[in-house]
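Asker: Got chain A sorted already, so can you dock chain X onto it with the hints?
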Amino acid sequence: MVMSWVWTGMVLLSILCGAILGNGSALAAATVQGAQAGITLAISMAGSLCLWTGVGRLMEQGGLTQALSRLLRPVLYRVFPGTRTDAALARDLSANICANFLGLGNAATPMGIQAAKRMKRGDTATDELCRLIVLNTASIQLIPANVAAVRSALGCATPFDILPAVWITSLCSAALGVTAAWLLGKVWRE
Amino acid sequence: MTDYLVPVLLFAASALVLRKKENAYDLLLQGGAEALRLLTAIVPALIALLTAVYMLRASGAVTLLSQVLRPVFSFFGIPPETAMLVLVRPISGSAALAVGAELMAEYGVDSAVGRTAAVMLGSTETTFYTISVYFGAAGIKKTRYTLPAALFADFVGFFMASWTVRWLF
Chain A
-14 MVMSWVWTGM VLLSILCGAI LGNGSALAAA TVQGAQAGIT LAISMAGSLC LWTGVGRLME
46 QGGLTQALSR LLRPVLYRVF PGTRTDAALA RDLSANICAN FLGLGNAATP MGIQAAKRMK
106 RGDTATDELC RLIVLNTASI QLIPANVAAV RSALGCATPF DILPAVWITS LCSAALGVTA
166 AWLLGKVWRE
Chain X
361 MTDYLVPVLL FAASALVLRK KENAYDLLLQ GGAEALRLLT AIVPALIALL TAVYMLRASG
421 AVTLLSQVLR PVFSFFGIPP ETAMLVLVRP ISGSAALAVG AELMAEYGVD SAVGRTAAVM
481 LGSTETTFYT ISVYFGAAGI KKTRYTLPAA LFADFVGFFM ASWTVRWLF
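The listed protein sequences correspond, in order, to chains A and X. The letter at position 47 of the first sequence is residue 32 when you use the numbering used here, and the numbering goes up by one with no holes. The letter at position 58 of the second sequence is residue 418 when you use the numbering used here, and the numbering goes up by one with no holes.
If you're looking for bench data, these hints aren't it; they were derived computationally from the structure. Predicted, not measured: the structure shown is a model, and the values here were computed from it. Heads up, a few of these hints could be off.
Label-pair distances were calculated between CB atoms; the ranges are [unchecked claim]:
#  : chain 1 : residue 1 : chain 2 : residue 2 : range
1  : A       : V172      : X       : L389      : 47 to 53 Å
2  : X       : A393      : A       : T109      : 36 to 42 Å
3  : X       : Y385      : A       : V(-13)    : 40 to 46 Å
4  : X       : R379      : A       : W167      : 20 to 26 Å
5  : X       : I451      : A       : R76       : 29 to 35 Å
6  : X       : L447      : A       : K171      : 26 to 32 Å
7  : X       : I451      : A       : G9        : 52 to 58 Å
8  : X       : K381      : A       : R103      : 55 to 61 Å
9  : A       : R103      : X       : L398      : 23 to 29 Å
10 : A       : Q18       : X       : K380      : 45 to 51 Å
11 : X       : Q390      : A       : R69       : 33 to 39 Å
12 : A       : T16       : X       : Y385      : 40 to 46 Å
Every residue gets a Cβ at the ideal spot worked out from N, C-alpha and C, and that includes glycine.
Chain A extracted, bound-state conformation:
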């Protein structure tokens, strides 16, 4: 329902702006170009998206998930103290983080939700649950396949050269996001 308002608003805004700034003819042409660009983009990014989702599956089955969760354990214990006593929670959480990391968003969500259900208290979010959501919205990803797909679809010769920048950026946003959540948790009592 939100998107209906957003979309209608976008169209209305473009009509208003077009009328005020006198861009009517360009606006009319844009309606056709945009729709075409949508399907062109989808088709040209399909190849790399398929390949990298497949590779994500391979890395998951190849044991990267286990290796990652071993690496993650010390961090997990700190950010989510509940995992020290609850083994199932620790498993769900590291599976969630690893699936996100390998770009398997569809696999990550169910495990994250399971972890969230174990963390909640009644209908209130606990501090740990808030941190879980923040971690999930910060998106730490090894290979952002859809972005690389868009870049190569647009003729980029080195679609993966942004990877270091993506890694640094998402690590910073996750770390600072969790820190902000931790600080807010001190002042924002249940």
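Answerer: Same frame as chain A, but now just chain X:
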């Protein structure tokens, strides 16, 4: 060196699975099929949203928006051209993909704006959507400080995307 990163990763991923005596090729195809399903699910949204984005750009609204927000964005060192992407990113994933792809096409994939848009897309999530999915499924009504903290993480992402692109390219 970096030329070999991706090819070697492809080899390593499938070799690791083979070593476990599992069907690597089959997994590759399964993943591909899953991606295709996902893609067909978002194509209608991509078409609808790119139409709206193209209309906004042609009408001059995007230029107007980035001019209005220019002082704020410049203060943080974020390219004002990405204003639309920053506003849309937390709300809708396909809309952000549409806006980002349009930015990369207009300014060039290897331009500073194009790269910043790509890094922003790759390192942030659809915050409002994620929050509603998690809290909806877990049956939580009192979300406390989750939204401000998550939006702060997004802001750090947009900020760092602009600066890492400046540093690394």
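Asker: Compare the structure with each hint and give your call.
Answerer: Quick rundown of the hints versus the structure:
1. Between A/V172 and X/L389 the C-beta distance comes to about 51 Å, which sits within the given range of 47 to 53 Å.
2. The supplied range of 36 to 42 Å is met by X/A393 and A/T109, whose beta-carbon atoms lie about 40 Å from each other.
3. At roughly 41 Å, the beta-carbon separation of X/Y385 and A/V(-13) lies within the given 40 to 46 Å, and the hint holds.
4. Checked against the given bound of 20 to 26 Å, the beta carbons of X/R379 and A/W167, roughly 40 Å apart, lie outside it.
5. In this structure, X/I451 and A/R76 meet the distance hint of 29 to 35 Å, their C-beta atoms being roughly 32 Å apart.
6. Range check, X/L447 to A/K171: about 30 Å between beta-carbon atoms, so the 26 to 32 Å window is met.
7. For X/I451 and A/G9, the hinted distance range of 52 to 58 Å is not satisfied, since their beta carbons lie about 28 Å from each other.
8. One distance hint, 55 to 61 Å for the beta-carbon pair X/K381 and A/R103, is violated here, with the actual separation near 34 Å.
9. In this structure the hint that A/R103 and X/L398 lie 23 to 29 Å apart at CB holds, the actual value being about 28 Å.
10. A hinted range of 45 to 51 Å holds for the C-beta pair A/Q18 and X/K380, which are about 48 Å apart.
11. At about 35 Å, the CB distance of X/Q390 to A/R69 agrees with the hint of 33 to 39 Å.
12. For A/T16 and X/Y385, the Cβ-Cβ distance of about 43 Å falls inside the hinted range of 40 to 46 Å, so the restraint holds.
Checked against the numbered hints listed earlier, the structure breaks hints 4, 7 and 8; every other hint is satisfied.
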